[in-house]
Amino acid sequence: MVAIQTNLPTHVSHAKSSSMTDKIDHTQLSAWLKEVADARCKIAFTHLFKFFAPKIQRIARSKFPNEAQSHEVVQDTMSNVWRKAHLFDSDKGAATTWVYTIMRNVTFDILRKIKSNREDNLSDDIWPIAESAAAEEQPYEDHLENKQLLRVIEALPETQQEVVKGFYLMEMSQEQLANHLNLPLGTIKSRLRLALAKLKVHLGEDND
Amino acid sequence: MIKHHPKFELLEAFVNGDLPASLSIAITIHAEMCPLCQQKILQLTEQVAEQSFEEDVISLDDLDSPNYSDISIDDDLESDALFDSMISNITFSEDVVEVVKPTNKNVTFKDKTYVLPTVLSNIGFGKTANVGKLSRSRLQLNEDEIHTNLLHINAGGGVPAHTHKGFELTVLLDGSFTDHEGEYNKGDFIMLDGTFTHTPVSENGCLCYTVANDALHFTQGINKLLNPIGSFIY
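Note that the protein sequences, when read in sequence, are chains L and Z.
Going by the working numbering, the letters in the first sequence line up with residues 1 to 208, in that order.
Going by the working numbering, the letters in the second sequence line up with residues 1 to 234, in that order.
Here chain L stands alone, though its shape is the one from the complex:
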């Protein structure tokens, strides 16, 4: 019972967070990071600091009993943001994800230092901050999704396939397709509608 009660609210907050993403001004955060990287701009850094530091401190307080250690997390995280800003690439992900990675890594290394008495700073090997990994994932994802999409399209009846491929892959208009296939416009429209309904079902299932 207890477990259920404490779990429930967490789940609610999980669900909420995706719809609340617009609360964070990602474009602004990325712009500040870029100014820090390109111009060593202290004003931009101060903005970043004021945005992130209180939140980092709050999170660190929940992991460390000791206030000095939570300050260390803030200090080390923000110091890495200052010194590694040039490694941030907004094409690869949000500024929040990047700063989170740094914060989590700093925290991991400090905890490990306390628990295992090791200063081996393994976190950057476990979760590389600036690395090909993130760069390679994007194309992979697209590639995968395209492949999956094509497979689903190819499973459609021939008549629907040619309409979908013409409209989406070759970017022909519905009128052009009607001419090209020598069919009434209404037929093109209804085939397209049927095909899309099927695609939705398949992709919805597979994407879950």
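Incorrect hints may have been included.
[Said to hold, decoys possible] Quick list of simulated restraints, FRET-style, between CB atoms: (1) Leu-150/L x Phe-8/Z: 21 to 31 Å; (2) Phe-125/Z x Ile-43/L: 41 to 51 Å; (3) Asp-95/Z x Lys-200/L: 20 to 30 Å; (4) Leu-169/L x Leu-44/Z: 24 to 34 Å; (5) Lys-3/Z x Ser-90/L: 21 to 31 Å; (6) Glu-181/Z x Ala-68/L: 46 to 56 Å; (7) Lys-200/L x Asp-144/Z: 49 to 59 Å; (8) Leu-36/Z x Leu-150/L: 17 to 27 Å; (9) Phe-8/Z x Glu-175/L: 41 to 51 Å.
[Unchecked claim] Think about it this way: if two alpha-carbon atoms lie no more than 27 Å apart in a straight line, the pair counts; the simulated DSSO-like pairs of lysine-lysine are: (10) Lys-40/Z x Lys-198/L; (11) Lys-101/Z x Lys-92/L; (12) Lys-105/Z x Lys-198/L; (13) Lys-105/Z x Lys-63/L; (14) Lys-112/Z x Lys-92/L; (15) Lys-23/L x Lys-105/Z; (16) Lys-110/Z x Lys-113/L.
Please keep in mind that the hints were generated in silico from the structure rather than gathered at the bench.
A virtual CB, placed ideally from N, CA and C, is assigned to each residue, including glycine.
Model the placement of chain Z on the given structure of chain L, informed by the hints.
This is chain Z only, laid out in the frame that chain L set:
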């Protein structure tokens, strides 16, 4: 083809930084070979990051925390002064950090040389111990009762059946082995608890990254377990 993956809860704990180094490394090794899990980790990280830095959202976890009263109000003036001095300390230096990708280590067991995953590049290894067709080398991670090893099974070798009190994790770095459940291949992430008994055999040899604890307290919640190697491995 990778068939065995870390459970969602494990990936979540990994992203949160809550797992010990040994298990975090195991997931990194698996994810490097498994685009599926790599993608899940990426998405989870984005979500957790988003939640962590949302404006003015006090999570319910904080409200439950006994420290909440200290956390929320804080002494604003004091922390402003602290933050200001941090900012000037940090920005005082113009230095930037360049990240150099570490060089992968090689390891040789019984004449066979393997290139180890990048994540192991900065970790020390103990001397190799051999028993029959088994060889193991311990990773110097200093995690008390959690022991981490590279385990090599020479072609035709196997591990005698036994049970284990804690959990035992195997990530297959190279080669394959089989037990009564079937065949395991490169990249498979196999987590077993002490309730399992099996006798893995490797026809063509294999190299595994293994993590085991002998304690009773870590077994809850980590199910489905491979239990290959007994005290030698541990």
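Taking the hints in turn, this is what the structure says about them:
Checked against the hint of 21 to 31 Å, the pair Leu-150/L and Phe-8/Z passes, with Cβ atoms roughly 29 Å apart. For the pair Phe-125/Z and Ile-43/L, the supplied restraint of 41 to 51 Å holds, since their beta-carbon distance comes to about 48 Å. In this structure the hint that Asp-95/Z and Lys-200/L lie 20 to 30 Å apart at CB is violated, the actual value being about 52 Å. Restraint check, Leu-169/L to Leu-44/Z: a C-beta distance of roughly 32 Å satisfies the suggested window 24 to 34 Å.
The given range of 21 to 31 Å is broken by Lys-3/Z and Ser-90/L, whose C-beta atoms sit roughly 36 Å from each other. Taking 46 to 56 Å as the suggested C-beta distance range, the pair Glu-181/Z and Ala-68/L conforms, at roughly 50 Å. Distance hint check: the CB atoms of Lys-200/L and Asp-144/Z are about 52 Å apart, consistent with the given range 49 to 59 Å. The hint said 17 to 27 Å for the Cβ distance between Leu-36/Z and Leu-150/L, and at roughly 19 Å that hint holds.
The hinted window of 41 to 51 Å between Phe-8/Z and Glu-175/L holds, with their beta carbons roughly 48 Å apart. Of the pairs offered as hints, the one joining Lys-40/Z and Lys-198/L holds, with about 26 Å between alpha carbons and a cut-off of 27 Å not exceeded. Proximity of Lys-101/Z to Lys-92/L is assessed by CA-CA distance (about 18 Å); at most 27 Å being required, the pair is judged to hold. Taken as a hint, the Lys-105/Z and Lys-198/L pair is broken in the structure, with Cα atoms around 50 Å apart against an allowance of 27 Å.
For the given pair, Lys-105/Z sits about 33 Å from Lys-63/L by alpha-carbon distance, which is inconsistent with the 27 Å threshold. At roughly 38 Å between alpha-carbon atoms, Lys-112/Z and Lys-92/L are farther apart than 27 Å, so this suggested pair is violated. Simply put, Lys-23/L and Lys-105/Z have alpha-carbon atoms about 45 Å apart, too far for the 27 Å limit, and the pair is violated. Straight-line distance between C-alpha atoms of Lys-110/Z and Lys-113/L comes to about 35 Å, which puts the hinted pair past the 27 Å bound.
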